[in-house]
Every structure is written in C-alpha cells, then in structure tokens.
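Here the protein sequences come in this chain order: A and B. In this text, residue positions in the first sequence follow the working numbering: the first is 1, and each later residue adds one. In this text, residue positions in the second sequence follow the working numbering: the first is 293, and each later residue adds one.
Worth flagging that the hints you see were computed from the coordinates, not collected in a lab. It cannot be assumed that every hint is accurate.
[As the list claims (entries may be wrong)] Label-pair ranges, simulated between beta-carbon atoms: (1) T114/A x L387/B: 48 to 58 Å; (2) D71/A x L451/B: 45 to 55 Å; (3) Q200/A x V548/B: 43 to 53 Å; (4) L451/B x S144/A: 30 to 40 Å; (5) L545/B x T285/A: 25 to 35 Å; (6) S16/A x L387/B: 31 to 41 Å; (7) T367/B x E75/A: 30 to 40 Å; (8) T285/A x L511/B: 25 to 35 Å; (9) T31/A x A459/B: 47 to 57 Å; (10) G191/A x R368/B: 49 to 59 Å; (11) S16/A x V548/B: 29 to 39 Å.
Nothing here was measured: the structure is a model prediction, and the numbers come from that model. Think of the CB as a built atom: it goes at the ideal place given N, C-alpha and C, for glycine as much as any other residue.
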Amino acid sequence: MIVAPAVPVVRASHLSLRYGRTPALTDVAFTLGGGVTGLLGPNGAGKTTLLRIVATALTPDHGELTVLGADPRTEPGRLAVRRRLGYLPQDPGFHPAFTAFEFIDYVAILKELTDRRARHEEVCRVLAAVGLREHRGKKIRTLSGGMRQRVALAAALVGDPDLLVLDEPTVGLDPEQRLRFREVIAELGEGRSVLLSTHQTEEVMALCQRVVVLDRGQARFEGTPADLAALADGRVWTSGSRAPEALASWRAGSGRYRHVGEPPPGAELLEPTVEDGYLMLVDTTAQQEARG
Amino acid sequence: MTATEWHVPEAELRRYGERTMAPPVLWSTEAHLAACAACQDRLAELDPQAVAAGWARLDAELDAPVPGLVERLLTRAGVADHTARLLAATPVLRLSWVTAVVSTLALAALVAHLAHPVVFLATAPLLPLAGVAMSFGPRADPTYEISVVAPMHTFRLLLLRSSAVLAVTTVLSAAATLALPEFGLVALGWFLPALALTLASLALTARLGPVLAAASVALGWIALVTSTLGTGSGGSAAFVPVGQFATAVAGALAAVALARARRAFETPRRLR
Numbered sequence: 001m002i003v004a005p006a007v008p009v010v011r012a013s014h015l016s017l018r019y020g021r022t023p024a025l026t027d028v029a030f031t032l033g034g035g036v037t038g039l040l041g042p043n044g045a046g047k048t049t050l051l052r053i054v055a056t057a058l059t060p061d062h063g064e065l066t067v068l069g070a071d072p073r074t075e076p077g078r079l080a081v082r083r084r085l086g087y088l089p090q091d092p093g094f095h096p097a098f099t100a101f102e103f104i105d106y107v108a109i110l111k112e113l114t115d116r117r118a119r120h121e122e123v124c125r126v127l128a129a130v131g132l133r134e135h136r137g138k139k140i141r142t143l144s145g146g147m148r149q150r151v152a153l154a155a156a157l158v159g160d161p162d163l164l165v166l167d168e169p170t171v172g173l174d175p176e177q178r179l180r181f182r183e184v185i186a187e188l189g190e191g192r193s194v195l196l197s198t199h200q201t202e203e204v205m206a207l208c209q210r211v212v213v214l215d216r217g218q219a220r221f222e223g224t225p226a227d228l229a230a231l232a233d234g235r236v237w238t239s240g241s242r243a244p245e246a247l248a249s250w251r252a253g254s255g256r257y258r259h260v261g262e263p264p265p266g267a268e269l270l271e272p273t274v275e276d277g278y279l280m281l282v283d284t285t286a287q288q289e290a291r292g
Numbered sequence: 293m294t295a296t297e298w299h300v301p302e303a304e305l306r307r308y309g310e311r312t313m314a315p316p317v318l319w320s321t322e323a324h325l326a327a328c329a330a331c332q333d334r335l336a337e338l339d340p341q342a343v344a345a346g347w348a349r350l351d352a353e354l355d356a357p358v359p360g361l362v363e364r365l366l367t368r369a370g371v372a373d374h375t376a377r378l379l380a381a382t383p384v385l386r387l388s389w390v391t392a393v394v395s396t397l398a399l400a401a402l403v404a405h406l407a408h409p410v411v412f413l414a415t416a417p418l419l420p421l422a423g424v425a426m427s428f429g430p431r432a433d434p435t436y437e438i439s440v441v442a443p444m445h446t447f448r449l450l451l452l453r454s455s456a457v458l459a460v461t462t463v464l465s466a467a468a469t470l471a472l473p474e475f476g477l478v479a480l481g482w483f484l485p486a487l488a489l490t491l492a493s494l495a496l497t498a499r500l501g502p503v504l505a506a507a508s509v510a511l512g513w514i515a516l517v518t519s520t521l522g523t524g525s526g527g528s529a530a531f532v533p534v535g536q537f538a539t540a541v542a543g544a545l546a547a548v549a550l551a552r553a554r555r556a557f558e559t560p561r562r563l564r
C-alpha cells in the first residue's frame with residue numbers, strides 16, 4: 001500500500017538553471033509525494049538536470065527547493081538530504097576491479113556505514129532485494145547490462161532511503177529485464193517516494209501514480225497518468241487511411257491507422273492512452289511556441 | 293573452566309541481542325554461543341529475533357568476498373577496513389598506472405646517468421600531480437556522481453586518494469633515487485616540490501577542476517625549472533637550499549589555501 005506523506009517529499013518552485021547561455025530549466029515547479037512519480041519528456045528536456053538538482057549534485061541558479069523537509073542549498077540541509085536519499089545516475093559507473101559485493105560495500109562506506117558487520121548485513125539485504133545475492137562474488141565487468149543496472153539500484157537502496165531518484169533506470173535493458181526492473185521499482189514505491197525519469201510513456205503507465213511532463217526545460221504537466229491521457233480525449237481516432245492533417249498518424253499492429261489530432265473522414269473515436277495525451281501536450285506546446 | 297561450566301551472563305546475552313556488544317567480547321561471546329546449546333537456548337528465550345539476526349550476520353560475513361591484495365596490505369598496516377576499501381577504489385592505483393610511473397622514473401634516472409639529474413628532479417614531482425588529477429572528478433572516477441551525492445564529505449575522499457597517490461609515488465621516486473649517480477642530498481630535491489605542487493593543485497581543484505588545476509601547476513613548475521636552468525648542482529634554482537626553502541613556504545601556503553577551500557568541494561557544481 002502506498003502511504004502518502006503528510007508533507008511533500010519534494011517541493012520545487014521557479015527552478016531555473018543555465019549551462020552557459022543555454023537554459024536547461026526555466027521556472028520549473030512540481031511537488032512529489034509518496035509512491036512512484038515519473039518525469040516524462042523527450043531527450044534534452046532537462047530531466048537529468050532536474051534529477052541532479054533533487055539529488056543535490058547540482059544547485060539551481062534560481063528558485064526554491066525543499067527535499068525531505070530540508071533546503072539542499074545549505075550545507076546542513078544538503079547533508080540531511082544525502083543521508084535519506086538513494087540515487088541511480090543515468091550512466092552509473094563502477095570500479096572495474098570490484099565485485100558486486102565490494103562495489104555496494106564501497107557505496108555503503110560513502111553512506112557513512114563504517115561498522116563492518118552492519119555494513120555487510122546491509123550489502124546482503126540490498127543484493128537480495130534486487131535478486132543478486134547469488135552473484136555477489138562476481139566481478140561487475142563480467143555481469144550483463146541488466147545485472148549491472150540492478151547492482152546500481154542495489155547501491156541506491158543502501159541505508160533504506162526515504163527518497164529514490166532514478167535516472168532512466170530501464171534504458172538499455174531487454175524487455176524481460178525491463179519487466180523485472182519494473183517489478184522491483186513498483187515494490188520499492190510502496191514504502192517510499194520514487195522519482196524516476198523516462199522518455200517511455202509505457203513506463204509511466206506501468207509504474208507511476210503521478211507524472212510530470214518536462215519539455216524544453218519547462219514543466220508542461222503535473223497530474224496522474226489518467227489525467228495526462230485525458231488531454232487527448234476526443235482527439236484519438238482510427239481509420240483505414242493515413243491522415244496528413246493529424247498531429248500524428250501511424251499504422252498500428254492491427255493494420256488500421258491511428259491518428260492523434262484532426263480526424264480523417266469516416267474515422268472512429270478511440271479511448272486515449274498516456275502516449276496520446278503526451279503527444280497532444282508536446283506537439284500543441286511546440287505549435288503554440290512556433291506561432292510565438 | 294570448560295565451555296559447559298561457564299555460560300554467558302544474562303546482561304551480556306542481552307547486549308549481544310541488542311547488538312551493542314563490541315569486539316573482542318563480541319567475538320568470544322559468538323565463539324561460545326556457537327559451541328554452547330544452553331546459551332543458544334537462553335538467547336532464543338531472551339530475544340528470538342537476536343538468533344535470527346545472528347544467523348543473518350553470520351551469513352553476511354560468509355558472503356563477503358576476500359578483499360583484494362591492496363586492501364589486505366592496507367589493513368595489515370593498520371588502516372581501517374572501510375578506509376582501505378575507499379583507497380582501493382582510487383582510479384589510478386592500478387598496475388598500469390604504477391607501471392607507467394616506474395617506467396617514467398627509470399627513464400628519468402637513465403637520463404640523469406647520461407646527462408644531468410635535473411630531468412629526474414623536475415619529473416618526479418609531476419608524477420603525484422598527474423596521479424591526483426586522475427583520481428578524482430567526473431572524467432577520472434567512474435563513481436564520481438554517486439560519491440558527490442553521498443553524505444561522506446567529498447573533501448575527505450579527495451584527501452584520502454591524494455595521500456594514497458602521494459605515498460605510492462614518493463616510495464617509487466625514493467627507490468628510483470637510489471639508482472641515481474652520487475649527487476648527495478640534491479638527489480632528494482624532488483621531495484618538497486612534489487608535496488608543494490600536489491597541495492597547490494588540490495587548492496586550485498576547487499576552482500578549476502582536477503585536470504585544469506594539475507595542468508596549470510605543472511606548466512608553472514616546468515616554466516620555473518627551465519627559466520632557472522644552470523643554477524647549482526641540481527641544475528635549477530628550485531633545487532638549491534634557498535629554492536627548497538621557498539618551495540616549502542609555497543607548500544605551506546597551498547596547504548592553508550586548501551584548508552580554506554575545503555567547503556567548496558562540498559558545494560554542488562556543474563560536472564566537468
């Protein structure tokens with residue numbers, strides 16, 4: 001069961017950050033409660049930058065941010081957040097000579113677990129949580145991509161954090177590994193807050209109770225996946241031919257065309273999905289911006 | 293007194309169950325518990341969860357792989373096991389890097405034999421500088437991002453790794469010094485510059501990042517040595533007593549600057 005925290009786990013308002021002259025985030029606001037929240041957006045939308053800010057790896061140029069009740073812009077606040085945070089970066093690196101056990105043990109030391117026995121127990125616990133206890137003695141370089149990703153997730157779980165920040169956790173995994181990974185993340189979301197970034201709408205449908213859509217550095221939507229799908233209510237159609245005037249039109253597995261936007265003559269209305277809502281949102285915003 | 297005559301007092305059993313018992317009493321209690329069924333039963337009555345936790349602890353210890361050679365050597369030398377593991381993760385402390393350092397020192401020593409010691413004296417301080425630059429930061433450390441968001445102070449990790457690199461290069465350079473022709477104390481002229489350059493590079497790392505900081509300091513050092521060539525038996529003003537004194541003062545100032553800049557290492561920044 002998902003327990004909603006009394007106060008938001010993350011509360012962000014007017015967050016802005018630039019890389020030189022390039023704006024990465026502009027006036028972003030969102031709140032994060034319990035369960036799994038998906039940060040959805042195309043590549044380059046600013047998802048990783050936002051996650052790094054929440055994970056205290058970056059400081060925003062402007063804006064207000066509270067994570068787990070602390071202000072990460074101050075040193076004591078940052079330390080308080082880091083003690084209750086688990087972070088899986090987009091491209092987690094490993095020391096090649098380490099085994100899975102040694103690597104997680106190393107991360108446990110970074111997380112201030114210095115007592116050897118307590119640390120080793122914790123390493124065993126998190127390895128078991130991701131189903132890798134049998135592979136604890138293997139060098140990380142010999143593990144498959146999916147297993148490495150699970151090692152990185154296990155490292156994020158050290159210390160039983162209240163907030164998990166996962167940057168594209170299933171990217172590069174095969175369908176079976178992705179399913180297993182989703183299973184683990186869904187289970188984790190039952191006892192804590194999970195913020196994960198993805199550019200896959202199916203991930204949002206499968207895992208998330210809430211979704212924030214980020215596009216070109218701005219938060220365009222915040223709500224439930226059903227709310228996002230509802231943005232395309234009355235705008236999703238099916239017919240036997242392509243509709244050039246639609247926002248998107250493609251031949252589905254059934255052989256019939258699916259259209260989002262303006263319908264061709266004789267088209268039948270369909271129930272929208274999260275993907276349809278996302279397409280409507282991103283394309284409509286792009287058209288509005290193009291019109292100035 | 294045999295194991296069957298003596299039993300763990302109840303207060304100690306409770307401490308064991310509450311996991312507040314410290315070594316070496318913990319080890320002797322565990323050894324006794326493993327052999328004494330009566331104490332096992334008393335512990336189970338006192339705290340059934342402690343028995344399960346005890347097995348979990350034992351499992352965890354059995355699951356832990358034997359540490360690598362570097363870690364074993366460090367722990368034998370009295371380094372705490374968690375510090376040894378942090379040091380073992382120093383990116384450059386690998387055979388390939390040690391081989392590169394040994395080769396460079398061997399080449400510099402050979403040139404010293406054939407020509408002049410200044411090449412050796414000028415090269416040796418650059419080795420820890422390069423090692424430190426390759427031990428920290430997003431370009432060198434595969435786990436940099438995880439380290440940065442961990443509660444352990446980044447500055448402590450930086451100092452630990454830098455000390456490890458400095459220790460290794462100092463031992464290797466000292467060994468290479470023995471292979472030099474007889475130059476007296478001048479042959480140790482690399483030591484203070486090695487220390488000072490490393491400290492200066494670390495102090496600048498907070499502002500410039502590890503690579504640019506090390507490159508700037510290295511260029512400054514090369515400029516200093518080449519601009520004062522021909523002075524003293526060491527071949528440069530950097531290796532005469534006054535030069536060594538100035539280097540020591542510069543090193544002390546760099547240490548002060550580094551101490552003052554330590555907070556900057558904990559501040560989130562753009563990855564570079």
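- Query: How does the Cβ-Cβ distance of T285/A and L511/B compare with 25 to 35 Å: does it lie in that range?
  - Reply: For T285/A and L511/B the Cβ distance comes to about 49 Å; the hint is violated.
- Query: Honestly, do L545/B and T285/A meet the 25 to 35 Å range at C-beta?
  - Reply: violated, 55 Å
- Message: Given a hint of 47 to 57 Å, does the C-beta separation of T31/A and A459/B actually sit inside it?
- Response: holds, 49 Å
- Query: Okay, Q200/A versus V548/B on CB: inside 43 to 53 Å?
  - Reply: Since the Cβ atoms of Q200/A and V548/B sit about 52 Å apart, the hinted range of 43 to 53 Å holds.
- Satisfaction of the hinted span 49 to 59 Å by the C-beta atoms belonging to G191/A and R368/B: violated, 41 Å
- Item | Range agreement (Cβ of E75/A with Cβ of T367/B, hint 30 to 40 Å) | holds, 32 Å
- Whether the CB-CB distance between S16/A and V548/B falls inside 29 to 39 Å: holds, 36 Å
- Message: Looking only at beta-carbon atoms, does the pair L451/B, S144/A fall within the given range of 30 to 40 Å?
- Response: holds, 36 Å
- Message: Between the beta carbons of S16/A and L387/B, is the distance compatible with 31 to 41 Å?
- Response: Cβ of S16/A to Cβ of L387/B: about 47 Å, so the range 31 to 41 Å is violated.
- Evaluate the given range 48 to 58 Å for the C-beta pair formed by T114/A and L387/B. For T114/A and L387/B the Cβ distance comes to about 28 Å; the hint is violated.
- Message: Tell me if the beta carbons of D71/A and L451/B are separated by a distance inside 45 to 55 Å.
- Response: violated, 27 Å
Violation of the numbered hints given earlier is confined to hints 1, 2, 5, 6, 8 and 10; the remaining hints are satisfied by the structure.
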